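Visitor: The whole structure should be built from the sequences, with the hints applied where relevant.
Quick note, in the numbering used here, the sequence shown goes up one by one and the last residue is 602.
Don't take each hint at face value.
Here are the simulated DSBU-like pairs of lysine-lysine, each with C-alpha atoms no more than 35 Å apart in a straight line [as the list claims (entries may be wrong)]: (1) 592 x 465; (2) 472 x 587; (3) 472 x 456; (4) 456 x 550; (5) 564 x 575; (6) 467 x 518; (7) 467 x 592; (8) 587 x 518; (9) 468 x 592; (10) 587 x 468; (11) 575 x 592; (12) 472 x 575; (13) 456 x 592; (14) 564 x 587; (15) 592 x 550; (16) 550 x 518; (17) 518 x 472; (18) 456 x 468; (19) 456 x 518; (20) 465 x 564; (21) 587 x 465; (22) 467 x 575; (23) 465 x 550; (24) 468 x 550; (25) 575 x 550; (26) 468 x 518; (27) 409 x 467; (28) 592 x 409; (29) 575 x 456; (30) 409 x 470; (31) 467 x 564; (32) 470 x 587; (33) 465 x 409; (34) 550 x 587.
No wet-lab data here; the hints were simulated from the structure.
Fair warning: this is a prediction, and the values are worked out from it, not measured in the lab.
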Amino acid sequence: MELSDRQEQIIEIVKENGPITGENIADRLSLTRATLRPDLAILTMAGFLDARPRVGYFYTGKTGSELLTEKLKKFKVKEFQSIPVVVTEDVSVYDAITTMFLEDVGTLFVVNNQSYLVGVLSRKDLIRASMGNQDLSEIPVHIIMTRMPNITVCTKEDLLLEAAQQLIEKQIDSLPVVQEKENGLEVVGRITKTNMTKVLVGLVRDDL
395 MELSDRQEQI IEIVKENGPI TGENIADRLS LTRATLRPDL AILTMAGFLD
445 ARPRVGYFYT GKTGSELLTE KLKKFKVKEF QSIPVVVTED VSVYDAITTM
495 FLEDVGTLFV VNNQSYLVGV LSRKDLIRAS MGNQDLSEIP VHIIMTRMPN
545 ITVCTKEDLL LEAAQQLIEK QIDSLPVVQE KENGLEVVGR ITKTNMTKVL
595 VGLVRDDL
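Guide: As structure tokens, then:
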């Protein structure tokens, strides 16, 4: 988060004099309390300052990078998941390749006739299947997919940081976000490396 000169001044005043009231900060800067209020609100929401009723503002002692890390640790999967791209297990490899191309994704989630997760298809899976002289329109994806239980999943309530760790450790591009049902796992979203990149860029730009 990039602070304005005035916000930097406020932080220095609070560091040296805190706890200090908003009125006293305004006096030191020769400003009205109303003029100062938005800056104090931003600094408090961002975590640089904290405030206590009838006491005033005080400096939290945290750097910008520490505040970003704290914020990232609180994010949950449900806040950033994307719409999943799903195919059924009897779809042909040819149709799966077409779907992947049209949807511009790197992973397809495979479900059975009850719409429960049974497998995952990656670009590598489809490339390997397309080598040779096989008729791709005659090969169902269930023959080449990675099957349950060898699939890493996450839920909406999982921490985003934990999902990112899974992507790194498993060296995969996408995780299915699932919801447990009586007879299986329903796919309700996906978390990808692109999602993670957007989160990091958003944090740096303070868009989140």
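Visitor: Would you mind marking each hint as holding or not holding in the structure?
Guide: Hint-by-hint comparison with the structure:
At most 35 Å may separate the alpha-carbon atoms for a hinted pair to count; residue 592 and residue 465 meet this at roughly 15 Å. Under the criterion of a C-alpha separation no larger than 35 Å, the hint pairing residue 472 with residue 587 is consistent with the structure, at around 15 Å. Between residue 472 and residue 456 the CA atoms are separated by roughly 27 Å; this keeps the pair inside 35 Å, and the hint holds. Between the alpha carbons of residue 456 and residue 550 the distance comes to roughly 29 Å, so the proposed pair stays at or under 35 Å and holds.
Under the criterion of a C-alpha separation no larger than 35 Å, the hint pairing residue 564 with residue 575 is consistent with the structure, at around 25 Å. With a C-alpha separation of about 32 Å, the suggested pair residue 467 and residue 518 falls inside the 35 Å cut-off, and the hint holds. About 15 Å separates the Cα atoms of residue 467 and residue 592, which keeps this hinted pair within 35 Å; it holds. Taking the CA atoms of residue 587 and residue 518, the gap is near 16 Å; set against the 35 Å cutoff, the hint holds.
Distance check on the hinted pair: residue 468 and residue 592 sit about 16 Å apart at the alpha-carbon level, within 35 Å; holds. Straight-line distance between C-alpha atoms of residue 587 and residue 468 comes to about 18 Å, which keeps the hinted pair within the 35 Å bound. Distance check on the hinted pair: residue 575 and residue 592 sit about 30 Å apart at the alpha-carbon level, within 35 Å; holds. For the suggested pair residue 472 and residue 575, the alpha carbons sit about 18 Å apart, so the restraint of at most 35 Å is met.
Proposed proximity of residue 456 and residue 592 is supported: the alpha carbons are some 24 Å apart, at most 35 Å. Proposed proximity of residue 564 and residue 587 is supported: the alpha carbons are some 12 Å apart, at most 35 Å. As the CA atoms of residue 592 and residue 550 are separated by approximately 18 Å, the hinted pair is consistent with the 35 Å bound. With a CA separation close to 27 Å, the supplied pair residue 550 and residue 518 stays within the 35 Å bound.
With a C-alpha separation of about 27 Å, the suggested pairing of residue 518 with residue 472 holds against the 35 Å cut-off. Taking the CA atoms of residue 456 and residue 468, the gap is near 16 Å; set against the 35 Å cutoff, the hint holds. Of the supplied pair hints, the one linking residue 456 and residue 518 is violated, its CA atoms being roughly 44 Å apart against a limit of 35 Å. A hinted pair counts as satisfied when its Cα atoms are at most 35 Å apart, and residue 465 with residue 564 qualifies at roughly 25 Å.
Only pairs whose Cα atoms come within 35 Å are accepted, and residue 587 paired with residue 465 is accepted, the gap being roughly 19 Å. Among the hinted pairs, residue 467 with residue 575 is consistent with the structure: their alpha-carbon atoms are about 28 Å apart, no more than 35 Å. Taking the CA atoms of residue 465 and residue 550, the gap is near 18 Å; set against the 35 Å cutoff, the hint holds. Among the hinted pairs, residue 468 with residue 550 is consistent with the structure: their alpha-carbon atoms are about 13 Å apart, no more than 35 Å.
Taken as a hint, the residue 575 and residue 550 pair is honoured in the structure, with Cα atoms around 14 Å apart against an allowance of 35 Å. At most 35 Å may separate the alpha-carbon atoms for a hinted pair to count; residue 468 and residue 518 meet this at roughly 33 Å. Between residue 409 and residue 467 the alpha-carbon distance is near 26 Å, which keeps this suggested pair within the 35 Å criterion. A C-alpha spacing of about 33 Å is found between residue 592 and residue 409, which places the hinted pair at or below 35 Å, so the restraint holds.
With a C-alpha separation of about 43 Å, the suggested pairing of residue 575 with residue 456 is violated against the 35 Å cut-off. Between the alpha carbons of residue 409 and residue 470 the distance comes to roughly 33 Å, so the proposed pair stays at or under 35 Å and holds. Proposed proximity of residue 467 and residue 564 is supported: the alpha carbons are some 20 Å apart, at most 35 Å. A distance of roughly 15 Å separates the Cα atoms of residue 470 and residue 587; the hinted pair therefore holds under the 35 Å criterion.
Taken as a hint, the residue 465 and residue 409 pair is honoured in the structure, with Cα atoms around 22 Å apart against an allowance of 35 Å. As the CA atoms of residue 550 and residue 587 are separated by approximately 16 Å, the hinted pair is consistent with the 35 Å bound.
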